[in-house]
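Novice: Residue-level listing of the chains:
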Amino acid sequence: MRGRGQYVADIRLAGLQDVAFVRSPQAHARIRGIHVPERHRGSVFTSADLVGIKPIRAVSGLPGFKISEQPVLATGKVRQVGELVAMCVAPTRAEAEDIAASVTLDLEELPAVTDMLKAREPGSALVHEHWGDNVFLETNYEVDISAALDAPIKVTREISTARQCMSPLEGRGVVATFDRRLDQLTLHSAAQMPHITRSGLAECLGMEEGQIRVISPDVGGGFGHKGILLPEEVCLSWLTMQRGHPVRWIEDRREHLVASSNCREHHYRITLYADRDGTLRGIDCEATVDSGAYSSYPFSACLEAAQVASILPGPYKMPAYRCRTFSVATNKCPILPYRGVARTGVCFALELMLDLVAAEAGLEPGEVRLRNLVLPEQMPFDNITKKHFDSGDYPEAMRRALAAVDIDAIRVRQGRGEADGRRIGVGVSIYCEQAAHGTSVYSGWGIPMVPGHEQASARLTPDGGLELRVGVHSHGQGMETTLAQVAHEMLGIDVAKIRIVLGDTALTPYSTGTWGSRSMVMAGGAVATACRELGERAKRIGAKLLQHDPASVVLQNGEVRGVNGSVSLKVIAHTWYRRPQDLPADVDPGGLEVTQGYKPVRDSGTFSYAAHAAVVAVDPDLGEVEILDYVIVEDGGVLVNPLVVDGQIYGGLAQGIGTALYEEMPFDASGQPLATTLADYLLPGATEVPAARLDHMETPSPYTQFGVKGIGEGGAIAPPAAIANAVNDALRPLGVELMQSPITPHRVVEAVLAARAAARSAA
Amino acid sequence: MKPAPFSYERPRDLDAALSMLAASNGSAKILAGGQSLGPMLNLRLVQPELIVDISGLAELKRADIFGEELVLGALVTHADIEDGRVVDVTRGAMRGVAANIAYRAVRNRGTIGGSLSHADPAADWISALSALGARVTLRSLAGARTMAIEAFVVGALESALQAGEVVEAIHVPTRSASAHWGYAKSCRKTGEFAHAIGAVLIDPAAATARVVIGAIDTAPIVVTDAAGLFGGRIAADYKERFDARFADALLARAGIDDVVQRHIHVGVLRRAVQEAAA
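The listed protein sequences correspond, in order, to chains A and B. Sequential numbering of the first sequence, starting at 1, is according to the numbering used here. Sequential numbering of the second sequence, starting at 1, is according to the numbering used here.
Same shape as in the complex, but just chain A (with noise of 0.2 Å):
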């Protein structure tokens, strides 16, 4: 850590001037006027302002679904807290938040729609009048539910995640100009996927995607928040061209936690069927998304609940199951898939509910998941959804789980109970992440963005080194040293000598970017094949300077060899652009610069898993929970890079520890969000992530280029599930049952005490 980063808050340019936006303070109004004072006048833009502006809209081919369109500025209503209004433009922040401040409001406040559940209601408030309902998208996947509703043991619970706001270090951040030698309008954002926001852009500005360079410079961290196309991107990249100098808009902290977007507020009604031995009969579930008041491109507004369906049933064998989800509109920001996206909800729903059927079975919740998980001679296995699991041993990794936290150590320990009146739990949790899923998936959602082949280009320089250009961005992954690796596996170039270019629509190939834990499996595949083909390049070259048969040379530690004799790389680089007089006339043209494409041998995703196990200790009286161990069993295939992906790992983790005990964006009824700063929305320090103990297994994907698997997410799905498992095994003997994160002081106090209750009544 050298504090060299340049983010987008470290751009200066000339003439450079800041914005600040007039938000709605209301979630849902009808906007009767918006009043500048005179003083003011042409330098508060509104949409009345934005002639030929299109609205965003992020449209998902699913039959059914309901179409919203985001005006950049606000037009006719507001829909939620932090809806730009105005944007007011000065020579400092500060200056424009005066502006800003100075602008006065006449709304005329409408009911707000704040409870996903009651949104789905006949006669509940309208967010978008003309739908008739509040219902973005209502999906339903069924296999022979009939079949498990005889089931011995039948588990129903109410499960729920809270609403989160993702919070990465950097927020988002805008700088645009536009140059009119070139008529280009360029724009520097906060970006994990730079293309998408240029083809975003472009349809909303109506102009061609020439005409728009992107470029997204450091980026402090991703995680799904800066994967959008924002309004506040498209005011920008107009007003410049308006104003003719460059404008700026940095997210503050504020704005983060109102106003931009949330993720993870998830709402179960699910049933488990099993029989007496633990063996899983079926799951029946009625999952509803509070998907916020918008569509955001490209990933719209449904693919988070409807992901619930397809992937809830996760690595578990299991022969019925249904599942219907409900996209939800409300009076808030849009919900956005966060780091594991669906995952992380629909793992704390079904493993709530294991460790639920353990205890009808009187089995150990271990035991429960070693009996259904799908076994490791069943690879490749299609689960009742449909999803192909490539390769693993999940029963593996959750024995490993196990032993690491010593299970039998700990139930003697329960036994033996604690000095300090704290209560001790143990739990266990297990996902699966589907990972650089491609085209045959996404064209399935029919949203604006499918991912297609990924293309790398790779170019020897002429002293020899390498560049390579990648349309997926780095924000705190280390791709720089991961996709270098990569190419010195295949050119035996020294690391030292190869550069990533990334993060610029005009450097780089196009891409979708990077999300779904992708860049790994694609870009690295994109690497190794943009990389093959420059070798074979580079040995035609090589084969001529050795005045060998082409066939008959090989390319080993960066150089071409020969029976003869071996040329490096560097030579021939330097004869191919130096002295292309040493060539000889029959040279193959094509030269030592090549793009090319990669897809895995199938594109339905790779599937890493984990094994999450948390041991923990719950204060009844004063609800605090501490995290005393905390293991991590994990199966990424072939590890690239084990210090990178250890990173994260834990990076994960910190992020699910978040959602288990910590995070939560509260509203009030009329829609006000509760949690304005970070003293009210608590993000988890360094002290309350314990060291965790990692462990990995290593089982290649059949399908990749050296059989890696994206491992992106994963960190952060399990945590809640393992620690909430945790939490009710400590406190199961008193009757305490938690289904909803975060797990706060108030809510196990609360339970605490109704089980009191409940208890004195029984007796």
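Don't read these hints as lab results, they were simulated from the structure. Treat each hint with caution, since some may be false.
Covered stretches of chain B (in silico footprint by chain A; criterion: 3 or more residues with CB under 8 Å from a CB of chain A, positions within the stretch not fixed) [as the list claims (entries may be wrong)]:
1) 3–16
2) 186–196
3) 207–218
4) 261–269
For each residue, glycine too, the CB sits at the ideal point set by N, CA and C.
Fit chain B to the known structure of chain A by using the hints.
Specialist: Relative to the frame of chain A, chain B by itself:
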């Protein structure tokens, strides 16, 4: 998150500061460590016309013992106390409290006088100093007045400070050799504001106790005659005699309607009592 425009003065001595405050007719805010005022300015929750930055006033940074009490200048920082740079008459009680205020970065700049002036119910000093029986001196151009901490804090973010007045000093009585001290709090995470505070100063030999329940929605509950919390008398067995129902009733009387909150407060207070007895 930029503050609304304000004027800024950094007076050289307390008299100059008091004159500026008097002249501002209540439109000024005093800046000391700025650990609460800074964010409030940035969030535009306060929009003063004038900021009077008193952080340069050496006369408010002193710590002297006068007779049976320690007089701490308002600008003594939490870290000054945590690190033992100022003398301690509480046999470690204040150092222990200071060491657990927020984060070190906050403790480096945050001041004891600023914390009291802000009167955040969840902050540590208003509860800890009430239990220790401390007093505070307020000064204006018109003169000085001194009052008990519990009289100074009148509600959430509300103190007895009047326009033109500044917290000048805190008077901490020497903790007697026989007095037991217990301080406990529950925070969602390390360094966050507490959602429950219990502070007790119990002297079984003298049969006296001061008990504080803090971090409630209003001023802390300060019980100066706490015999009722211990079954009517304070003696060596006070830990066993702690009456949770009495504490719960105190909270209910203070308007804490949520039974869960009351339960947590009582639990934290019990923790403080146990610590005192340990």
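Novice: Could you run down the list of hints and mark each one as holding or not?
Specialist: Now for the hints, and whether the structure bears them out:
no.: 1; hint: 3–16; result: holds (count 3)
no.: 2; hint: 186–196; result: holds (count 9)
no.: 3; hint: 207–218; result: violated (count 0)
no.: 4; hint: 261–269; result: holds (count 5)
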